[in-house]
Each structure stands twice: as structure tokens, then as C-alpha cells.
Amino acid sequence: MMVEKTPKLDLFTYISLIIGIIVVGFPIFYAIIAATLPLDEVSKVPMPLIPGDQFFDNIKEAWVKGNLGTLLFNSFVMASGITIGKIIVSLFGAFSIVYFEYRFRALVFATVFCTLMLPVEVRIVPTYEMAANLFGPLQGLFDALGLNSIISWFAGHDIEVNLELSLLDSYAGLILPLTASATCTFLFRQFFLTIPEELCEAAKMDGASPMTFFWKILVPLSKTNIAALVVIEFVYGWNQYLWPLLITTSADMTTAVIGLQHLIPSPEDPPTWNIAMAGALLVVMPPVLVVLFMQRWFVKGLVEREK
Amino acid sequence: MLRKRSYFKSKTLAYFLVMPQILITATFFYWPAIRGLVASFMRSDPFGLRSTFVWFDNYINLFKDPLYLKSIVITLVFSGSVALLSISAGLFLASMANRALKFTALTRTLLIWPYAIAPAISGILWLFLLHPSYGVVAIWVNRVFGLEWNPLLDSRHAMLMVVLASSWKNISYNFVFFMAGLQAIPKSLIEAAAMDGASPFRRFWTITFPLLSPTMFFVTVMTIIFSFFESFGVIHAVTQGGPGGSTNILVYKVYQDGFIGLNLGSSSAQSVVLMLLIVFITILQFKFVERKVQYTG
Numbered sequence: 001m002m003v004e005k006t007p008k009l010d011l012f013t014y015i016s017l018i019i020g021i022i023v024v025g026f027p028i029f030y031a032i033i034a035a036t037l038p039l040d041e042v043s044k045v046p047m048p049l050i051p052g053d054q055f056f057d058n059i060k061e062a063w064v065k066g067n068l069g070t071l072l073f074n075s076f077v078m079a080s081g082i083t084i085g086k087i088i089v090s091l092f093g094a095f096s097i098v099y100f101e102y103r104f105r106a107l108v109f110a111t112v113f114c115t116l117m118l119p120v121e122v123r124i125v126p127t128y129e130m131a132a133n134l135f136g137p138l139q140g141l142f143d144a145l146g147l148n149s150i151i152s153w154f155a156g157h158d159i160e161v162n163l164e165l166s167l168l169d170s171y172a173g174l175i176l177p178l179t180a181s182a183t184c185t186f187l188f189r190q191f192f193l194t195i196p197e198e199l200c201e202a203a204k205m206d207g208a209s210p211m212t213f214f215w216k217i218l219v220p221l222s223k224t225n226i227a228a229l230v231v232i233e234f235v236y237g238w239n240q241y242l243w244p245l246l247i248t249t250s251a252d253m254t255t256a257v258i259g260l261q262h263l264i265p266s267p268e269d270p271p272t273w274n275i276a277m278a279g280a281l282l283v284v285m286p287p288v289l290v291v292l293f294m295q296r297w298f299v300k301g302l303v304e305r306e307k
Numbered sequence: 001m002l003r004k005r006s007y008f009k010s011k012t013l014a015y016f017l018v019m020p021q022i023l024i025t026a027t028f029f030y031w032p033a034i035r036g037l038v039a040s041f042m043r044s045d046p047f048g049l050r051s052t053f054v055w056f057d058n059y060i061n062l063f064k065d066p067l068y069l070k071s072i073v074i075t076l077v078f079s080g081s082v083a084l085l086s087i088s089a090g091l092f093l094a095s096m097a098n099r100a101l102k103f104t105a106l107t108r109t110l111l112i113w114p115y116a117i118a119p120a121i122s123g124i125l126w127l128f129l130l131h132p133s134y135g136v137v138a139i140w141v142n143r144v145f146g147l148e149w150n151p152l153l154d155s156r157h158a159m160l161m162v163v164l165a166s167s168w169k170n171i172s173y174n175f176v177f178f179m180a181g182l183q184a185i186p187k188s189l190i191e192a193a194a195m196d197g198a199s200p201f202r203r204f205w206t207i208t209f210p211l212l213s214p215t216m217f218f219v220t221v222m223t224i225i226f227s228f229f230e231s232f233g234v235i236h237a238v239t240q241g242g243p244g245g246s247t248n249i250l251v252y253k254v255y256q257d258g259f260i261g262l263n264l265g266s267s268s269a270q271s272v273v274l275m276l277l278i279v280f281i282t283i284l285q286f287k288f289v290e291r292k293v294q295y296t297g
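Chains as they are written, first to last, in this note's numbering: chain A, 1 to 307; chain B, 1 to 297.
No lab work stands behind these hints: they were computed from the structure. Remember, predicted model here, so these are calculated numbers, not experimental data. Where a beta carbon is used, it is the ideal one built from N, C-alpha and C, also for glycine. One or more hints might be untrue.
One-sided excerpt, in silico: chain B residues whose CB lies under 7 angstroms from chain A [what the hints assert, rightly or not]:
#1 S6
#2 T25
#3 G36
#4 L93
#5 R99
#6 N142
#7 R143
#8 V176
#9 L189
#10 A193
#11 M195
#12 F229
#13 A237
#14 G241
Beyond 10 angstroms from chain A on every Cβ pair, some chain B residues (computed) [as the list claims (entries may be wrong)]:
#15 S10
#16 A14
#17 R50
#18 F53
#19 Y59
#20 T107
#21 T109
#22 L129
#23 L147
#24 S155
#25 Y173
#26 G242
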């Protein structure tokens, strides 16, 4: 331990940390105060910084007005679905890439790797079209080959084959496209590579099948990595914005983060910022609690994921 | 390509295991990306009935379009400001937290939670703080500087608002990485310099800061990616590109032109430009990581 007396610098350190924490915390502190005030208090200029007693009334109103019961449920399904899906898909993928030998292994790895370069933001319209009709490409093939006329000739009367499966306004649509992740697959791959060779040799000698080895040895060993990813991916899934915005049109299928916008008062409406802020608190609560209570896993996951 | 020395023989199982990942990436990543690439060379008539191959016309028109050029400038200003603000604040707070001997865990807890807040909600919180009629900051600015603060009408104020909302959310991410980077620096180096009489400031700039350069590089890349793409939520929820297109960053323009304006050719060309940018950043990142591995090993 270094012993060095720097009282002035120590004072500066603590003061800057306190100021930093206050500045970082102020927006949410302000939101909490606003959420406790009645309408006439919150629209005062400036708004008082002493909490009022309307907190539960405001929360209740935000819940009803913003349809938050349904939307929070949707967010929860989406975030959990993405988390579970991503982890399973990546565990299987990494297992296949590390523990098997086949001709297209390098190609598979490259394919997964290159998805890093295709975030949803750069393929907005075509991905939407794809989700709107999963069988679009197949239908295109059908039309191009003139198969419809062949079929109607074959059937003897006019029928038309219309292949359509839409993911719009569905949980599958919200979850599926986001369950492929290069970063998670990499993380598991890197981790599997550090596992001693002897484990697999021993398992094989004992006659364990690949899947027994996977469930009985690999998955238990990956527990801490999985826990870390659960935290990161839950927050990631909960906070998705662009994708749910594209794929949901019905007000009952959208997520809480997007639905919150309907609580923001427009210039013509009464300034119900107390309700908007109460709603905002409800929507940020789940991921914030996850990060705070699983902080150790969160930091580990964040740092490990980028290695 | 790395593989275990002892491996399983079943090829069927291997393909079966990797199948979900391949199917999803092919359906939702590669096929749309190819479609986008093709669409960027096409022009479709207003009814979407016919499309003709037009070579690079969409790209040429794009770079002749003053609105697009303006959007590039806006994106650069926006990302640059977010990077500068969130990286310097993150680094400052991390080095302070690393110095403090007490309450380290508490400090960390109190600084990392904004990471959990969605960009769009961060935008809404800041919109309330900076709201021209009800925001506390607006009133304060008006009283102290006598300035008519209005981010809903004034383009510079709007830009400042989205920069603040995006940086605020990103500070905690950078903070976590700088903390990890600082803790990885051997204490003996700092102690040796202290014995030679180097002041804490000098030690920071001559030892800590250079040793943090890999972290710095990584954090910069991630912040740029964040401000280019994920800040979509802030823009969409708060300004929708306005007022007068002053916060219309590139990714928002792709959405606006393609999804709302239905100008598919131009939107696809814009997507491809962004895709090339990401490819460039990724290559840069991996080149750098490779070099780092060589240094250490």
C-alpha cells in the first residue's frame, strides 16, 4: 500500500465524486419528485423540489392511461425471450464450433462473425419486409418460376399459392430476429477454448455422448458466464427501441419503452409531467433493479463480453 | 481455426447444433442485407410496381443532396460531442473513484445505474429537465444568462439537449471500462514513479493515461457506434430530427426516408453507406486488437 499524504487532492477527489454522483443522479431525482406532485404543483415555475403525496395516485394514473400493465408484460416477455433465446442459440453454436470437426466450420464461424457488421439500423426496410412475410423469398421463387400457372394447370382449375407468415405484432417477431448474437457466441467460444482438453477426453473415455458432455460438464462450468450474460441481455432486450417500433403497429403489442411516449404531454394538453415521470419510473425500474442487484455479474458481463 | 484436440465425430449433430444460429442470421441478417444492397441500385416508381436498375444513381444523388450532406455534418457534430463529453466524464469519474479509498463499492453503484435506462427514456427525462416552459434548467438558464432557452424551437438548443441525454446514458458504460482498465494497471509502476517524486498529476499523464490507451481506443469505438446507431431512440422520442432537421442524424434519416417517406432506393443507399462505415470500424478494431495481443505475448 502506498503511503502518500495528499490531503488537498483527497478532498478534491471526494468533492468531485459527490458532485459527479449528484449530476448523474439529478435527472432521476427530479423525475421522482415530479412523480409525487399534483398537476398544479408540477406545472409551477419552477417546480418545487420537495416531494408531494400524490405518488401512488400518479403511478395508478400512469398505469391506466399508458396501458402499462399490458406493455410492461410485453417488455418482460420480449426481454426474457431474447435473453433465453440468445443464450441457448449461442451455447449450441459455440459448442458446435469448438467441439466438432466438419467441412464448413470456418465458414459458419465467419458467418456468425460478420453479423457484427449488420446491426438492425443498417437494414431497416428489408428486415421489416422479411418479418412481414417470412416466406417472401419462397413466394418470389414461386412467382419467378411460374409455378402458380403450372399448379393451376395441374389442378385443373384456378388456384393460387400464397405463402404468407407474418411476424408483425407477435412475440415471435419481437424476439426471434434478436436472438442471433455474434458477441455471445464469441464469449462462449473463448470460454470453451480455455477448458482443459482432459475433461472432454475423460468424458469420451467414460462413454459420454456429446450432449451428455454438454449438459453435464460444459453448461455447469459456464454458469458464471451465463449469469453475467443474463443481466446484460435482459437490459439489452428491455431497452430495444427501433425493432419493436418497426414490427408492432397494434397499441397492445408494443413495448413499455415505446408506449411511454403517449404519456408525454404535447403542447396543447395540460402539462401532466407528473404522470409522464411516474410512468417513466415504472418503465426504468426493472432493468435498473437488475443492474443494481446483480451488479457483480453485470460488470463482469460487460467487461468480458468485449474481450 | 481453433478447435479442441479431442472432439466429437458426429457431423449431423454439429450441423444440427449450429442450425438455429445460421437460420436466424440468414433470414434476418444476410437476406435483408442483400436485399438492401440490391435495392440501393434500383429506382422504383411511386406505386412500387416497377423498379429499374440505375447503377450508382442513388448514391450519386445522395451525395449531391444538401440535406444528406447536412445530416453527415450533424452526425459528426453529435457523435463528436457525445464522445468528448461522455469519455472525459467517464474517465474523470473513474480515476477519482479509483483514487478514493473509501466507499468504492457505493460510488460504483451510484454511477453505473444510468446504463440500465433506455436511450429513449433518457431523452424523455432530459426533455423534462430542459423543457422551455416547465424544465428547471430552462428557467435557471433564463434567469442567470437572460437567454431564451427553447430546445423545441432553437436548433442549437435541441442539439445540446440530445447530446446531453445521450452522453448521460453513456457515461456509466465508459466509467465501468475505465475502472476495469485502471485496476489492471500494476500498482508498482505508480509507486515507483511516486518514489522518484512524480506528482499525482504527472503520474496520471505520463503513466496511467498511456497505459489506458487500449481501453481508450475501445471506449471511443463503442461510443461512436452508440452515438451513430443506438441514439436513434433519443432522437425519435425527443426531437424526431427537428427542429428544421437540425438533429436529423444519419440513422434517423434512413428510417425517415425509408420507412416513412418510402423512398426505398435512397434509403437503401444510405443503409449501405452506414454498413460500409461499420465494416471499416470493425476492421480497424480487430487490427488493433491483433496488435495488442502481439505486444503482450
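To see whether the hints hold, each was checked on the structure:
| no. | hint | in the structure |
| --- | --- | --- |
| 1 | S6 | 5 angstroms, holds |
| 2 | T25 | 5 angstroms, holds |
| 3 | G36 | 5 angstroms, holds |
| 4 | L93 | 5 angstroms, holds |
| 5 | R99 | 5 angstroms, holds |
| 6 | N142 | 10 angstroms, violated |
| 7 | R143 | 9 angstroms, violated |
| 8 | V176 | 6 angstroms, holds |
| 9 | L189 | 11 angstroms, violated |
| 10 | A193 | 10 angstroms, violated |
| 11 | M195 | 9 angstroms, violated |
| 12 | F229 | 4 angstroms, holds |
| 13 | A237 | 6 angstroms, holds |
| 14 | G241 | 14 angstroms, violated |
| 15 | S10 | 6 angstroms, violated |
| 16 | A14 | 4 angstroms, violated |
| 17 | R50 | 15 angstroms, holds |
| 18 | F53 | 17 angstroms, holds |
| 19 | Y59 | 15 angstroms, holds |
| 20 | T107 | 6 angstroms, violated |
| 21 | T109 | 6 angstroms, violated |
| 22 | L129 | 6 angstroms, violated |
| 23 | L147 | 16 angstroms, holds |
| 24 | S155 | 18 angstroms, holds |
| 25 | Y173 | 7 angstroms, violated |
| 26 | G242 | 13 angstroms, holds |
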